[in-house]
Amino acid sequence: MMWSWIPSNAGLIRQYTLDNAYLGIVPALLGLVISVPLGIACVRWRWLYPPVLSATSILYALPSLALFIVLIPYTGLTDTTVIIPLTLFSLCILLPNVVDGLRSVPGPVRQAATAMGFGPLRRLVQVELPIAVPLVIAGLRIAVVSSISLASVGQLMGIYSLGYFFIDGYQRDFPTEIVVGLVLIIALALVCDVLLVGARRLLTPWQPRRARRGNRRVLRGRAVLEVPEVAA
Amino acid sequence: MSFLSYAWGWLRAPVQWHGSDGIPIRILQHLGYTGLSLLIAALIAVPLGILIGHTGRGALLVVNVANAWRAIPTLGLLVLAVITLGFSPLAWLIPLVVLAIPPILVNAYEGVAGVDPEIRDAAQGMGMTPWQQVLKVEVPVALPLIMLGLRTGAIFVVATATIAAEIGLGGLGRYIIDGLASNNYGEVAGGAALVVVLALVVQVVFVGLRRLVVPAGLRKQERPT
Numbered sequence: 000m001m002w003s004w005i006p007s008n009a010g011l012i013r014q015y016t017l018d019n020a021y022l023g024i025v026p027a028l029l030g031l032v033i034s035v036p037l038g039i040a041c042v043r044w045r046w047l048y049p050p051v052l053s054a055t056s057i058l059y060a061l062p063s064l065a066l067f068i069v070l071i072p073y074t075g076l077t078d079t080t081v082i083i084p085l086t087l088f089s090l091c092i093l094l095p096n097v098v099d100g101l102r103s104v105p106g107p108v109r110q111a112a113t114a115m116g117f118g119p120l121r122r123l124v125q126v127e128l129p130i131a132v133p134l135v136i137a138g139l140r141i142a143v144v145s146s147i148s149l150a151s152v153g154q155l156m157g158i159y160s161l162g163y164f165f166i167d168g169y170q171r172d173f174p175t176e177i178v179v180g181l182v183l184i185i186a187l188a189l190v191c192d193v194l195l196v197g198a199r200r201l202l203t204p205w206q207p208r209r210a211r212r213g214n215r216r217v218l219r220g221r222a223v224l225e226v227p228e229v230a231a
Numbered sequence: 000m001s002f003l004s005y006a007w008g009w010l011r012a013p014v015q016w017h018g019s020d021g022i023p024i025r026i027l028q029h030l031g032y033t034g035l036s037l038l039i040a041a042l043i044a045v046p047l048g049i050l051i052g053h054t055g056r057g058a059l060l061v062v063n064v065a066n067a068w069r070a071i072p073t074l075g076l077l078v079l080a081v082i083t084l085g086f087s088p089l090a091w092l093i094p095l096v097v098l099a100i101p102p103i104l105v106n107a108y109e110g111v112a113g114v115d116p117e118i119r120d121a122a123q124g125m126g127m128t129p130w131q132q133v134l135k136v137e138v139p140v141a142l143p144l145i146m147l148g149l150r151t152g153a154i155f156v157v158a159t160a161t162i163a164a165e166i167g168l169g170g171l172g173r174y175i176i177d178g179l180a181s182n183n184y185g186e187v188a189g190g191a192a193l194v195v196v197l198a199l200v201v202q203v204v205f206v207g208l209r210r211l212v213v214p215a216g217l218r219k220q221e222r223p224t
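From first to last, the protein sequence lines are chains A and B.
Here the first sequence is numbered in numbering that gives the first Met the number 0, starting from 0 and rising by one per residue.
Here the second sequence is numbered in numbering that gives the first Met the number 0, starting from 0 and rising by one per residue.
Treat the hints as calculated values from the structure; they're not laboratory data.
A few of these clues could be false.
[Claimed, not checked] Some residues of chain A that are not near chain B, with every Cβ distance over 10 Å (derived):
#1 Leu28
#2 Ala40
#3 Pro105
#4 Ser151
#5 Pro204
[Unchecked claim] Ranges between beta-carbon positions, derived for each pair:
#6 A:Pro6 - B:Leu38: 25 to 31 Å
#7 B:Ala12 - A:Val182: 41 to 47 Å
#8 A:Leu120 - B:Pro88: 41 to 47 Å
#9 B:Ala58 - A:Trp2: 35 to 41 Å
#10 B:Leu27 - A:Trp205: 55 to 61 Å
#11 B:Gln131 - A:Trp4: 54 to 60 Å
#12 A:Gly116 - B:Val200: 53 to 59 Å
No residue lacks a Cβ here, since even glycine has one placed at the ideal position from N, Cα and C.
Please build the complete structure, drawing on both the sequences and the hints.
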């Protein structure tokens, strides 16, 4: 490691960290914005879910680099070329969690809401969606971490991110640069992950602060199991 | 021109289909890297996952490592491996194996750990030895998840092997990286189309494989994935 490289390139490091954060966070949020209404529709019309789920799992298996390339003729070498595939991946991760989250609302809770005079929309917004929040955020954590990491692949086509340090460090045979890129991407992912855990605590104050062991296992387990992992 | 017309224009040229850098050779190379990495990863991760699931030791570590694993940028790991290890097969084999282990390990672990305790009790009550319990009861019940882990690992390796062309590996990624370097979008598109088809074929093979190995009694419970 050549530590002096870091301060002398602080400007570049900051710039590419911000670029990478943008390319990682925007797709996860767009994925959320699409998957919530789509998930609601899949719960409302049950027949819709199996085909949509199959389509997402097929899509999810495609290498990100190939998807970026498919888009080049349409969106050129812009951020959009990276953001669209990563949004689709995020959608694939989030949709099962949104659907499972909404389905996890206990029947009696739903009936109680109806009995209190809640219409379908109000019940959805004030009762069902809040109950689904922990699972949705579990999915969002995976989506944002994966997107931040995958955004660096866009560098192969010249779309700037922390991946720049991988390519440049490789061409110059300079490990320090590569290690800095690796550490920053992992750190960026970790920061977003911690922020989302914080957001979940704020949004679901009724949950015990430290989820009981059993509870936690179920949540984690679902997130790990039902979502096929992101392909690079 | 659209992506497909570029890809098609490149793919139908007979010159792509012959010689040492022709498409058939590149596909075989790609499958070779994928198969070897996946085999090594499976030999390490499946027994380990079963062991951890059976004993319950180290479970928390497995789950946490698997979560952190997603944050590792594969491109970074590949270039770091090649400049520290030089251009030896280990330079791509180590990252591919390392990256394929977590999904296989976690799913094997979750599969075995998630076996219904009553089934476990029944196996014990029938006088099965611990080895018999693992091999005849826990592993068959966990097979759907073990297969899901292998499929996920395979998808991941196919994709990462594509990127590994950047560090000089053969396979289908060659067309993409070389085409990008020489500004030949036809070649890039053709390579990408082949990678997409290969990824889909690998998926279909694993879906078929799962049908083949998962015991009939368990198939009904399978979730559509």
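Hints, one by one, checked against the model:
Under the 10 Å C-beta cut-off, the non-interface status given to Leu28 of chain A relative to chain B holds; the minimum distance is some 18 Å. With 10 Å as the threshold on Cβ separation, the claim that Ala40 of chain A sits away from chain B holds: the shortest Cβ distance comes to roughly 17 Å. A cut-off of 10 Å between C-beta atoms confirms that Pro105 of chain A is not in contact with chain B; the least separation is 21 Å. Chain B draws Ser151 of chain A into its interface by the beta-carbon criterion, the shortest separation being 4 Å against a cut-off of 10 Å.
Against the 10 Å criterion, Pro204 of chain A stays outside the reach of chain B, whose nearest CB is about 24 Å from its own CB. At about 45 Å, the beta-carbon gap between Pro6 of chain A and Leu38 of chain B misses the expected band of 25 to 31 Å. Range check, Ala12 of chain B to Val182 of chain A: about 44 Å between beta-carbon atoms, so the 41 to 47 Å window is met. For the pair Leu120 of chain A and Pro88 of chain B, the beta carbons lie near 59 Å from each other, so the given range of 41 to 47 Å is not met.
Taking the beta carbon of each, Ala58 of chain B and Trp2 of chain A are about 38 Å apart, inside 35 to 41 Å as hinted. Between Leu27 of chain B and Trp205 of chain A the CB atoms are about 57 Å apart, so this pair conforms to the stated range of 55 to 61 Å. Between Gln131 of chain B and Trp4 of chain A the C-beta distance comes to about 58 Å, which sits within the given range of 54 to 60 Å. Separated by about 55 Å at the C-beta atoms, Gly116 of chain A and Val200 of chain B satisfy the suggested range of 53 to 59 Å.
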